[in-house]
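> Respectively, the protein sequence lines represent chains A and B. Every number in the numbering used here is 784 more than the matching position in the first sequence, counting from 1. Every number in the numbering used here is 308 more than the matching position in the second sequence, counting from 1.
Among these hints, one or two may not hold up.
[Said to hold, decoys possible] Derived, one-sided and incomplete: chain B residues facing chain A with beta-carbon distance under 8 Å:
1) G407
2) D487
3) E488
4) E490
5) E491
[Unchecked claim] Estimated spans, in silico, between C-beta atoms of each pair:
6) A/W792 with B/Q326: 29 to 37 Å
7) B/W864 with A/T875: 34 to 42 Å
8) A/W792 with B/E682: 37 to 45 Å
9) A/T799 with B/Q901: 51 to 59 Å
[Stated by the list, open to error] To be clear about the criterion: a stretch of chain B counts as covered by chain A if any three or more of its residues have a C-beta under 8 Å from a C-beta of chain A, and this derived list gives those stretches:
10) 504 to 512
11) 550 to 560
12) 775 to 781
13) 930 to 937
Just so you know, the hints here were simulated from the structure itself, not pulled from any lab data. All C-beta atoms, glycine included, are put in the ideal place defined by N, C-alpha and C.
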Amino acid sequence: MLLIPCPWCGPRDETEFHYGGQAHVAYPGNPAALSDEEWARYLFFRDNPKGAFAERWNHSAGCRRWFNAVRDTADNEIRAVYRTGEPRPVTA
Amino acid sequence: MRLATGGRIDRGEVLRFQFDGREYQGYRGDTLASALLANGVRQVATSIKLGRPRGIFSAGSEEPNAVIQIEEPFPEPMLAATTVELYDGLVAGSLPGQGRLATGPDPARYDAVHAHCDVLVVGAGPAGLAAARAAAGDGARVIIADERPDPGGSLLGTTELIDGVPSADWAAAAAAELDEMEEVRFLRRTTVFGYYDDNYLVAVERRTNHLGASAPADVARERVWRIRAGRVILATGAHERSIAFANNDLPGVMLAGAARTYLNCYGVRPGRKAVVFTTNDSAYAAAIDLADAGVEVAAIVDVRSAPGAAWLGRAQQRGLTVVTGHVVTAARGDSELLDPVRVTALHDWHVCRGALFENVGQWQRPWYYPRPGEDMEAAVLRECRAAREGVAAMDASTLGKIDVIGPDAAELLDRLYTNLMSSLAVGSIRYGVMCRPDGMVFDDGTVIRLAQDHFMVTTTTGNAAAVLEWMEEWLQTEWPELSVHCTSVTEQWATVALVGPGSREVLAGLAPALTVDNASFPFMTWRDAEVAGLPARVCRISFSGELAYEINVTSWHALTLWEAIMASGTVTPYGTETMHVLRAEKGYPIVGQDTDGTVTPQDLGMGWVVSTKKPDFVGKRSYARADTSRGDRKQLVGLLPDDPGLLLPEGAHLVAADVLPEPPVPMLGHVTSSYRSAALSRTFALALIKGGRERIGERLFAPLGGEGGGLVPVTVTSHVLYDPEGARRDG
């Protein structure tokens, strides 16, 4: 079970969190202006890298805040956590 | 047999026990296995299929053969005799590879704790003890766990010296030193059985098993330790590997290290005559100890042509025969967390009235209330009739409730629901559907406008947490500029649904100050009123098509309200099954039962709930995708079996052909809900069928199996089977 450092509460057990998928996928400003293909890309396509991945977590059983984390998908090491709205930090 | 001296047992404390009906004696410090060996019991189990005799093969948790059943003090199956500490009054028996669970309730307590440490040491053998001492000496918070009652691990079964003292004494001293240290927690009888990400480990501590019937009732029998460690040291030692040869499961075949442990730990000679078969040096010490204990060692059989010189020399010095370059090919033998349970404030009343319960999410909800002599079908038909013809009440407290407040509350709801909520008048209620961005139904419920900037929304019972999280997700990640607070108030309110043509009269009796006529208190409005002398919020909402009210009071007042309703003498309590039948007769879908994440509001025949005026809401763009306007999408329809007594199984598939063709058979859809209807005097079902609305009037078939595929004919109808004109809603 991962130990996830919530930027608001500190390190907590993974069971306190819900996963939210890839970070920095903004809801399109005007969905009606998008082609079907562009809308489908927003709906259905996400990255699946081996290595550093910016993703969203919700501390649902704690402060209930959404935040972002950079996790290495190969070894589950969480390299950085940062608040929603902040840019992705540079990680090694 | 028991040796006259030696071992780490307390010969001053004799323990009586039974095995397979016979009385035996052992000593404090014995395991069941060592005591059985001391009493000359060789066979302690049989194999599961062939009934082959099985004996004691090891001296620890690796035991594959000696799997036994404890009968007293409390039945427990499938325990390794080698790990059961002997206690007075133990009654156990051999097993044919399969145990029996206790039939009575387990009186013991069990608990779980969370712990944190800098260093967790798994295993308290020589390496573990040394590591724990070193870490603790540096000031680290240490937890050291070992599965056995005494620390020392492999040292306990040997005769070697450490720092000039017998190794078992060295272990005892090291453990005593650790016990004295404030930042060290020494967990004995504790097996670490899971190692997960970020040094999260799980262990189980057996706290009172070894005390038998004298175990204190107020101490947990077993405790689960969930440990988050900074560093983990695995000092688990090693298990001796067995060597494969024919009949190596016969009683009498034992690991060399185990034989040595029985001698040195328990003062038990496991046999009279032995052959020691090995591939390495380690068995030589066992052979020498056996010989010293009076066992006739016929030979040491070593597969190696040139064994290690030192041990070979010692064996030969002891007069033992060593056969090198040989293997033993055959032996001939001589003879077995956790989800919380949520209950409503009325739970005890339901239990007293003999309700049967069903699990909905984490909630336990009354399913139906059978009267003496009634089966489920009879009870549900009676409850349904009461709701349609008289008056009935249901505990609807489990409905999710979210308080939504702030200057942008209406804006938030407009963006999340498919229909317009900002136009809702204070004092009114609107049904709403929430969809995912892909346009598929995610949840439904009602929205109550309490004030210009204040709403209460209801969710389905199972989706309450998910909907709150959904609101928070959009507020926090996409629309932080919206000023809204969302708060779960599910448990603050108890909700009673009062349903049926007689409900107005019952409500009027309980709330004399409330004007209840249809013009003053119309459908889809709410009023604050005093009901049964309690402050209450009464909503005119119907999930049955009948005249109905949802009466909300604080949970503390739930029982008072409910009992006042029941005291009217005319109200029938009903459960979730009746609720399901009533709503299905009206074609109201249940999210998660009649939908599965691939169903749009339009598929459900609810195009009216999707706004065409709002510029955007979550899901809107997807209704312009080609996929969501396909003519062959699965749509919610009703099904009437030709046989009005035949209940279609939920999940049954539907096909067009009256004779099954060669597979693959084109599948048109499946049954999502199926019930017996008191109002229709027949069975009916709801189903998701490809192009379903175009098929109304068509005959389809449900292949239920049996001869010729057991094709059962059904007729496709509208999903609204009862009171389609909505005449009953106002009473």
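> Indicate, hint by hint, whether the structure satisfies it.
Hints, one by one, checked against the model:
For B/G407, the shortest C-beta to C-beta distance to chain A is roughly 31 Å, which exceeds 8 Å, and the interface hint is violated. Interface restraint check: B/D487 against chain A, minimum CB-CB distance 29 Å, threshold 8 Å, status violated. Because the closest C-beta pair between B/E488 and chain A is about 31 Å apart, greater than 8 Å, the hint is violated. Violation of the interface hint for B/E490 is found here, the shortest Cβ-Cβ separation to chain A being roughly 24 Å, above the 8 Å cut-off.
Interface hint status for B/E491: violated, as the beta-carbon distance to the closest one in chain A is roughly 20 Å, over 8 Å. At about 59 Å, the beta-carbon gap between A/W792 and B/Q326 misses the expected band of 29 to 37 Å. Checking the proposed 34 to 42 Å range against B/W864 and A/T875 shows it is violated: the Cβ atoms sit about 51 Å from each other. Between A/W792 and B/E682 the Cβ separation comes to about 54 Å, which falls outside the hinted range of 37 to 45 Å.
Distance hint for A/T799 and B/Q901: a CB-CB separation of about 28 Å, inconsistent with the stated range 51 to 59 Å. Against chain A, the region 504 to 512 of chain B contributes 5 residues with a C-beta closer than 8 Å to a partner C-beta. That satisfies the three-residue criterion, and the hint holds. Look at the region 550 to 560 of chain B against chain A: 0 of its residues bring a Cβ nearer than 8 Å to a Cβ of that chain, fewer than three, so the hint is violated. With 3 residues having a Cβ less than 8 Å from any Cβ of chain A, the region 775 to 781 of chain B passes the three-residue criterion, so the hint holds.
Here's how the region 930 to 937 of chain B fares: 4 of its residues keep a CB closer than 8 Å to some CB of chain A, so the rule of at least three is met and the hint holds.
Comparing the model with each earlier hint shows violations of hints 1, 2, 3, 4, 5, 6, 7, 8, 9 and 11; every other hint is respected.
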